[in-house]
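Model the full assembly from the supplied sequences, consistent with the hints where possible.
Residue-level listing of the chains:
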Amino acid sequence: MSDRLLRVNAYTTLDLADVRARGHDFDVNTLGVVNVTAPRKNPDHVTLQVEIDHTTVEMLPAHADEVTLSASEARTIADDLHSYADRVENAQSSGSDDA
Amino acid sequence: MPTDVERWKSEVYGQEIREHLFEFAEEGYDTIPEDERDAWFERFKWWGLYHQRNGQEGYFMMRIGTPNGVMKPGQLRVVGEIASEYATGPGVNPIFGDGYADFTTRQSIQLHWIELSDIPDIFEKLEENGLSTQQACGDSWRNIVGNPVAGKDAREVIDAWPVIHDLNETFKGNDDHSNLPRKWKVSVTGTPDGSGQGDINDLAFEPAYKTIDGEETVGFNVRVGGGLARNEPRFARDIDVWVPPADVSTVAGGLSALFRDNGDREDRYNARIKFLVDEWGADKVRETLQSEYVDFELHTAGRDVREEYTYNTGDGDRNDLIGVHEQHDGSYFIGLNVLVGRMGASDVLELADLASEYGSGEVRLSQRQNIIVTDIPKDAVDEFTSEQLLENYSPDPSPFMRGSVACTGTEFCSLSIVETKNRQVRYARWLKDNVTLPGDVDEFHIHLSGCTASCAQPQIADISLRGMKTRKNGEPVEALDVGLGGGLGAEPQFARWVTQRVPVDEIPGAISNLIETFAAERNDDESFRAFIDRHDNDELDSFVAPEETDYEDPMMHNTKRTWYPYAENDGLDAGPSAPADD
Amino acid sequence: MTVRLRVLDDGAWISVNDRREVSVSELWRVEATDFCSCDLVDFVVENFQTVGVNGQTIEVIVYGQCIACGATGETEWLPVGRVIDGEFAVFDESTVRRTRESRKPETNSG
Numbered sequence: 001m002s003d004r005l006l007r008v009n010a011y012t013t014l015d016l017a018d019v020r021a022r023g024h025d026f027d028v029n030t031l032g033v034v035n036v037t038a039p040r041k042n043p044d045h046v047t048l049q050v051e052i053d054h055t056t057v058e059m060l061p062a063h064a065d066e067v068t069l070s071a072s073e074a075r076t077i078a079d080d081l082h083s084y085a086d087r088v089e090n091a092q093s094s095g096s097d098d099a
Numbered sequence: 001m002p003t004d005v006e007r008w009k010s011e012v013y014g015q016e017i018r019e020h021l022f023e024f025a026e027e028g029y030d031t032i033p034e035d036e037r038d039a040w041f042e043r044f045k046w047w048g049l050y051h052q053r054n055g056q057e058g059y060f061m062m063r064i065g066t067p068n069g070v071m072k073p074g075q076l077r078v079v080g081e082i083a084s085e086y087a088t089g090p091g092v093n094p095i096f097g098d099g100y101a102d103f104t105t106r107q108s109i110q111l112h113w114i115e116l117s118d119i120p121d122i123f124e125k126l127e128e129n130g131l132s133t134q135q136a137c138g139d140s141w142r143n144i145v146g147n148p149v150a151g152k153d154a155r156e157v158i159d160a161w162p163v164i165h166d167l168n169e170t171f172k173g174n175d176d177h178s179n180l181p182r183k184w185k186v187s188v189t190g191t192p193d194g195s196g197q198g199d200i201n202d203l204a205f206e207p208a209y210k211t212i213d214g215e216e217t218v219g220f221n222v223r224v225g226g227g228l229a230r231n232e233p234r235f236a237r238d239i240d241v242w243v244p245p246a247d248v249s250t251v252a253g254g255l256s257a258l259f260r261d262n263g264d265r266e267d268r269y270n271a272r273i274k275f276l277v278d279e280w281g282a283d284k285v286r287e288t289l290q291s292e293y294v295d296f297e298l299h300t301a302g303r304d305v306r307e308e309y310t311y312n313t314g315d316g317d318r319n320d321l322i323g324v325h326e327q328h329d330g331s332y333f334i335g336l337n338v339l340v341g342r343m344g345a346s347d348v349l350e351l352a353d354l355a356s357e358y359g360s361g362e363v364r365l366s367q368r369q370n371i372i373v374t375d376i377p378k379d380a381v382d383e384f385t386s387e388q389l390l391e392n393y394s395p396d397p398s399p400f401m402r403g404s405v406a407c408t409g410t411e412f413c414s415l416s417i418v419e420t421k422n423r424q425v426r427y428a429r430w431l432k433d434n435v436t437l438p439g440d441v442d443e444f445h446i447h448l449s450g451c452t453a454s455c456a457q458p459q460i461a462d463i464s465l466r467g468m469k470t471r472k473n474g475e476p477v478e479a480l481d482v483g484l485g486g487g488l489g490a491e492p493q494f495a496r497w498v499t500q501r502v503p504v505d506e507i508p509g510a511i512s513n514l515i516e517t518f519a520a521e522r523n524d525d526e527s528f529r530a531f532i533d534r535h536d537n538d539e540l541d542s543f544v545a546p547e548e549t550d551y552e553d554p555m556m557h558n559t560k561r562t563w564y565p566y567a568e569n570d571g572l573d574a575g576p577s578a579p580a581d582d
Numbered sequence: 001m002t003v004r005l006r007v008l009d010d011g012a013w014i015s016v017n018d019r020r021e022v023s024v025s026e027l028w029r030v031e032a033t034d035f036c037s038c039d040l041v042d043f044v045v046e047n048f049q050t051v052g053v054n055g056q057t058i059e060v061i062v063y064g065q066c067i068a069c070g071a072t073g074e075t076e077w078l079p080v081g082r083v084i085d086g087e088f089a090v091f092d093e094s095t096v097r098r099t100r101e102s103r104k105p106e107t108n109s110g
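Chains as they are written, first to last, in UniProt numbering: chain U, 1 to 99; chain W, 1 to 582; chain V, 1 to 110.
None of these hints come from the bench; they were simulated from the model.
Model, not experiment: these values are computed from the prediction.
It is possible that part of the hints are untrue.
Just a sample of chain U residues kept apart from chain W, beta carbon distances all over 10 Å, derived [said to hold, decoys possible]:
1. H63
2. D65
3. V67
4. T76
Cut-off 30 Å, straight-line C-alpha distance, at most; resulting in silico cross-link-like pairs (DSS-like, lysine-lysine) [claimed, not checked]:
5. W:K432 - W:K472
6. W:K284 - W:K172
7. W:K432 - U:K41
8. U:K41 - W:K378
9. W:K378 - W:K72
10. W:K210 - W:K72
11. W:K72 - U:K41
Cβ coordinates follow ideal geometry from the N, Cα and C atoms, glycine included.
Right under this line is the structure:
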């Protein structure tokens with residue numbers, strides 16, 4: 001994808017994530033990049049960035065979505081991510097028990 | 001009986017190749033006669049072009065040789081533009097995208113997916129801007145290395161840059177030295193820190209003092225026969241010669257000619273000068289050099305400063321060149337960490353702009369695959385280091401990111417057994433998130449090499465990793481041999497290979513366990529290298545306790561049996577055909 | 001009919017008639033009691049040393065390692081494929097390879 005907006009490099013948080021792009025007229029499972037960053041100079045917010053491979057979704061032009069988060073909003077998301085991750089892991093491990 | 005390669009070289013080699021190369025570029029890749037393919041691909045190496053691995057036929061890796069890693073103002077931008085326009089192909093790297101430049105352990109640049117038909121345009125652009133691929137590969141003088149900031153480093157005792165520049169001008173393209181038995185790697189260092197890594201080169205000039213007519217003068221001691229490849233690592237041997245800067249070229253030429261005339265042309269595996277030094281001994285090398293290759297009396301070795309070496313030693317204050325350092329003109333050079341040496345083309349362009357904005361536009365490449373921006377005025381340092389780009393190319397990176405070096409690997413290279421660059425990125429990320437080093441340890445070198453060619457210089461790292469295979473649950477998987485305790489300095493040591501064939505998904509756990517043991521059992525503030533040094537191989541093997549963790553490795557299968565490891569349909573039969581002439 | 005045989009790229013390849021035919025990093029099953037004490041060497045091909053021809057069979061000497069016991073070294077001549085009517089046919093990966101007792105083949109190490 002040569003018109004990518006988000007730079008992909010060794011520090012990108014998730015280089016290859018499964019993303020569903022869903023609208024009223026489309027619903028496509030594709031791949032995307034998810035990145036978390038903050039300004040280097042006087043950081044006063046955290047940025048959560050998502051860019052899908054738009055070439056698989058006709059309806060959408062190339063674009064990146066960026067959410068500006070305060071430190072506490074970032075932690076709220078982090079906490080939610082943690083607790084859902086725990087839930088998934090627990091389900092997986094009990095699901096694979098032989099007994 | 002001479003090898004085929006020798007025969008091809010005697011038919012067409014050196015400058016002559018260019019004409020043919022351009023003709024093939026014009027007429028198309030498939031005009032290379034089928035029964036001459038091997039010969040031409042071997043010859044193209046002299047112009048820095050290396051045919052990529054199976055499944056990627058018709059595409060070339062192109063190496064640009066920048067002596068001492070020096071890139072004058074504007075040159076980094078040119079490389080970024082070329083990478084952006086030409087270094088893209090059918091394979092897209094999941095971590096780095098497409099269009100990127102690799103900075104190498106010989107202070108050069110490698111670009112991939114280069115098509116033959118684009119070579120004339122690329123060479124024109126390079127040459128217009130003072131850059132060249134000449135002899136970057138092949139059996140001749142390779143890119144000359146040293147302390148990348150020669151000429152500017154406040155700590156230097158002698159300016160090695162004019163010496164390196166002169167060697168490059170004299171020997172690149174010199175017909176008398178363009179067809180040697182094998183590659184010829186030269187290092188010249190002017191700082192008392194060992195940053196030119198002379199010990200692992202065929203020919204090394206390191207700073208030394210000699211009293212001449214009652215006056216102490218600084219010049220260079222000469223060492224010969226270092227090299228890491230193929231399970232036969234050697235450090236360069238002291239041949240008891242000191243030269244003033246003015247004589248470096250003559251002595252270097254003498255040794256190059258000695259190699260040319262005496263190196264093994266029958267057996268390429270015995271051809272490097274390290275084997276000749278093994279056979280003859282340092283004394284005979286000196287005698288032969290003196291009697292047959294120079295016409296003045298050689299001085300005996302001077303007083304060296306090896307006791308002061310800190311680069312890549314696992315100790316001391318300048319173990320690498322990352323961070324903010326003084327130049328002798330009062331401004332600063334700032335070393336930025338480029339994780340595994342790979343930088344996307346758009347990042348290269350942005351850094352080129354920043355270097356122009358804040359400095360002079362000049363940058364330098366280091367032997368640890370990093371990049372240094374020179375000439376930053378003192379009052380601009382803070383602002384420069386706050387630039388957003390440096391978030392990913394930091395002057396103050398985490399130790400695991402900072403110390404990571406990796407070769408090209410099965411992504412592009414025929415020789416490699418395992419995947420490397422992306423893997424080392426994954427390892428560095430995991431280690432950064434999961435392992436804490438003792439507070440006083442701010443550097444930790446992990447070098448990952450895909451095979452025994454040792455392009456990532458694995459034997460001289462804290463933790464050396466080298467590509468292998470093993471079986472896990474009966475299935476063949478990629479694996480790594482683990483070596484410990486390597487490093488340069490006054491007493492250089494090669495790593496001891498203490499644990500073999502660890503499945504790649506168990507390496508992070510192994511490193512984690514090892515560091516935990518180090519932290520718990522070290523004496524006071526003993527360095528990792530010193531800690532390793534006082535244990536025997538069995539003890540160390542027990543410290544390296546392979547373990548599965550939450551680290552997942554997506555490339556455990558045989559990445560050689562793909563046309564490109566990261567392609568969705570990666571089977572060899574799904575690969576692209578050689579690029580059409582357009 | 002002559003077949004052009006070479007070891008290429010510092011031992012990464014065996015080239016037959018200017019085509020890359022056999023690569024390093026493969027795992028071979030080798031019967032070689034003098035290499036290590038395993039019944040069958042679980043051999044990872046690290047580096048080709050020499051290639052030669054023995055009748056219609058292309059053979060190589062290769063440096064590598066048994067990944068079961070860790071023994072390293074160079075093998076004797078091992079077959080990699082056959083040339084029939086000028087066409088090279090590589091042996092399947094699962095072939096058990098052993099050195100032939102016959103005459104020493106003509107060699108070409110690059």
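In ascending order, which of the hints set out earlier in this document are inconsistent with the structure?
-> When the structure is compared with the hints, only number 10 turns out to be violated.
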